[in-house]
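Trainee: Just so you know, the protein sequences line up as chains V and L, in that order. Numbered per my numbering, the first sequence finishes at 284, counting up by one with no gaps. Numbered per my numbering, the second sequence finishes at 315, counting up by one with no gaps.
Be aware that one or more of the hints could be misleading.
Unchecked claim - Here are the simulated DSS-like cross-link-like pairs (lysine-lysine), alpha carbons at most 25 Å apart as the crow flies:
| # | chain 1 | residue 1 | chain 2 | residue 2 |
| --- | --- | --- | --- | --- |
| 1 | L | Lys297 | L | Lys215 |
| 2 | L | Lys35 | V | Lys194 |
| 3 | L | Lys22 | L | Lys3 |
| 4 | L | Lys35 | V | Lys30 |
| 5 | V | Lys30 | L | Lys72 |
| 6 | V | Lys194 | L | Lys215 |
| 7 | L | Lys72 | L | Lys44 |
| 8 | L | Lys45 | L | Lys35 |
| 9 | L | Lys45 | V | Lys194 |
| 10 | V | Lys30 | V | Lys194 |
| 11 | V | Lys141 | V | Lys231 |
| 12 | V | Lys194 | V | Lys9 |
As the list claims (entries may be wrong) - Residues of chain L clear of chain V, computed beta-carbon distances all greater than 10 Å:
| # | residue |
| --- | --- |
| 13 | Gly54 |
| 14 | Gly114 |
| 15 | Ala167 |
| 16 | Leu183 |
Unchecked claim - Which residues of chain L face chain V? A partial, calculated answer using Cβ under 8 Å:
| # | residue |
| --- | --- |
| 17 | Val81 |
| 18 | Lys115 |
| 19 | Ser119 |
| 20 | Ala179 |
| 21 | Gly192 |
| 22 | Pro291 |
| 23 | Lys297 |
| 24 | Glu299 |
Everything labelled a hint here was simulated from the structure, so no lab data went into it. No residue lacks a Cβ here, since even glycine has one placed at the ideal position from N, Cα and C.
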Amino acid sequence: MAKQQAFLKELDLIAVKIRTHIIEMLYRAKSGHPGGSLSAVEAMVALYFHHMHINPKNPKDPDRDRFILSKGHAAPTLYAILAELGYFHTDELLYLRQINHMLQGHPVCTHIPGVEASTGSLGHGLSFGNGVALAGNLDKKTYRVYVLLGDGETDEGQIWEAAAAASHYKLDNLCALLDRNYLQIDGNTEDVMKLESIRRRWEAFGWNVIEVNGHNIGEIIDALLLASDHKHQPTIIILNTVKGKGVSFMENNIDFHGVAPNEMEYKLAMKELAEQQRALEAAE
Amino acid sequence: MNKAMANPRDAYGETLAEIGDKYPNIVVLDADLSKSTKTILFAKKYPQRFFEMGIAEANMISTAAGLASTGKIAFASTFAVFATGRVYDQIRMDVAYSQANVKVFATHGGISVGKDGASHQMIEDIALMRVLPNMTVITPSDAPQTKRLVELMAQTPGPMYARVGRANAPIIYTKEDLASLQLGKGLVPREGDDVTIIACGTMVDQALDAYTRLKDKGITARIVDMHTIKPLDTALILDCVKHTNAILTAEEHSIIGGLGSAVSEVLAEHASSIPFYRIGVRDMFCESGEPEELLDKYELSAPHIVTAAQHLLKH
Ligand SMILES: Cc1ncc(C[n+]2csc(CCOP(=O)(O)OP(=O)(O)O)c2C)c(N)n1
Ligand SMILES: [Mg+2]
């Protein structure tokens, strides 16, 4: 138990580090999407730093687990994680969204090591993941496929086409994660285009549904293990999250969906994140 | 001299809100981008006639067609990438084929969208919409012209596609300049004899900049603002063939399928041998960057128009 707490603390510290990168990147880029990048941090840290079988030295390893960032506007989170894992140098992060540099505003699989799918147009990632999972079955591979969806993103019809297909083909090697932060651009998801009951919807489509606190890495890891053990059905993990998590004035603030922090906000955010790091380090 | 600027997106939203009473049949749909496309200005004034569709563009387009089938004038808005490529079949069947009175009004067209990157830089929309029978294709160049064109779109029945960029645009026209504006009739904001630059949308401003630079070099350019790409003002193009010695097209779009292609089709069918060149994105996806940097790197900015014009005139 003590040992387990130690590794969870380690992962929590990594999450703070990733958030710090995100704020730095967006501040320098003077554009991008803080809210949805911050809400997805714990899920992606749990996947990349603990759960998935990956090989940063060989990004194209045919046996690797795959992660597809369907909500491509959270690119900063993915890039920060890939850099920390050594897919490319962390210096690249400083040039996000700048001309003649690698890191594009939205993920692109042809230019960036570790990026599995080009995304940014919402709604494609689950279908893409199905394709990778179908191929895994065909080739008798044991890799698993993870797809991160935005909640607003599931307004898209294509998501439900993919949901039907994953269930039809019993893709138990596929696991979707839903960043349930209740916000999209024009407002609360329930005002823009009602999603509830999300759980019943996915169940009706034939999915195994698990719900967790999306900022609790321990809970996420447990859910990922359950998903891996679940047979004959795809699993979706509903991550209950807070948009903008970790920076007080960005939390649940729709204005920070797609606007980068200014200098004052940047300094404030960095200060808060430094405090979070200290608090974690001091904790037993 | 600093040019006065205004955003064509604002002009779009403001105009919808302004003409809402005059055209009680106008309804507006958006796909979770009303703050960016500015349809929010209409939504605030006419909440009953505004439909938030969520991030579901295909559903939005076919719903707009259904609304139009009952006599509504349905404006549907989102970014140009999602307004065309993503919903091509919905537009083809329910709007173009059905001759529905749907006005797909897209914002964030072209590479000057900037840092979001190639995924969001729509450079194929004009081509996609132009190829559809029954479809009118419109590319406003400044805010005042956008205002007039939105009103003309509301007045004129039939399927239409319009696209503006993301950025503020220098104001080119006065109200008087636009008094007799007509769909399908190009404007000539500058006269000249040596070369014609036919531009559309965000590139009209670059063409006007090129006009000044060329003048400094003793070259006079006729600038055509081809705000309607379909139906195309063939008569005006042929007049340019007659009265100038070379033709350049300039668009924030692929050189394949857009304004340049449309003009070249006219030239070829009229057996014109006039020196001709297309300024535009040369069959590639671009990248993240500042709008000005991108226009420079991908050779769309005024200096590149000037070089191309000089080159053409040497032949
Ligand atoms: C097909 C498509 N339509 C519209 C957009 C513009 N867009 C970018 S992010 C976003 C809202 C996404 O909301 P959600 O999925 O809830 O993401 P999150 O809250 O995690 O940021 C929209 C509408 C897009 N990228 N793709
Ligand atoms: Mg959301």
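Trainee: So, for every hint listed, does it hold in this structure?
Mentor: Each hint tested on the structure:
no., hint, in the structure
1, L:Lys297 to L:Lys215, "24 Å, holds"
2, L:Lys35 to V:Lys194, "19 Å, holds"
3, L:Lys22 to L:Lys3, "32 Å, violated"
4, L:Lys35 to V:Lys30, "19 Å, holds"
5, V:Lys30 to L:Lys72, "41 Å, violated"
6, V:Lys194 to L:Lys215, "58 Å, violated"
7, L:Lys72 to L:Lys44, "19 Å, holds"
8, L:Lys45 to L:Lys35, "14 Å, holds"
9, L:Lys45 to V:Lys194, "23 Å, holds"
10, V:Lys30 to V:Lys194, "32 Å, violated"
11, V:Lys141 to V:Lys231, "16 Å, holds"
12, V:Lys194 to V:Lys9, "36 Å, violated"
13, Gly54, "3 Å, violated"
14, Gly114, "8 Å, violated"
15, Ala167, "13 Å, holds"
16, Leu183, "30 Å, holds"
17, Val81, "6 Å, holds"
18, Lys115, "4 Å, holds"
19, Ser119, "3 Å, holds"
20, Ala179, "36 Å, violated"
21, Gly192, "33 Å, violated"
22, Pro291, "10 Å, violated"
23, Lys297, "6 Å, holds"
24, Glu299, "14 Å, violated"
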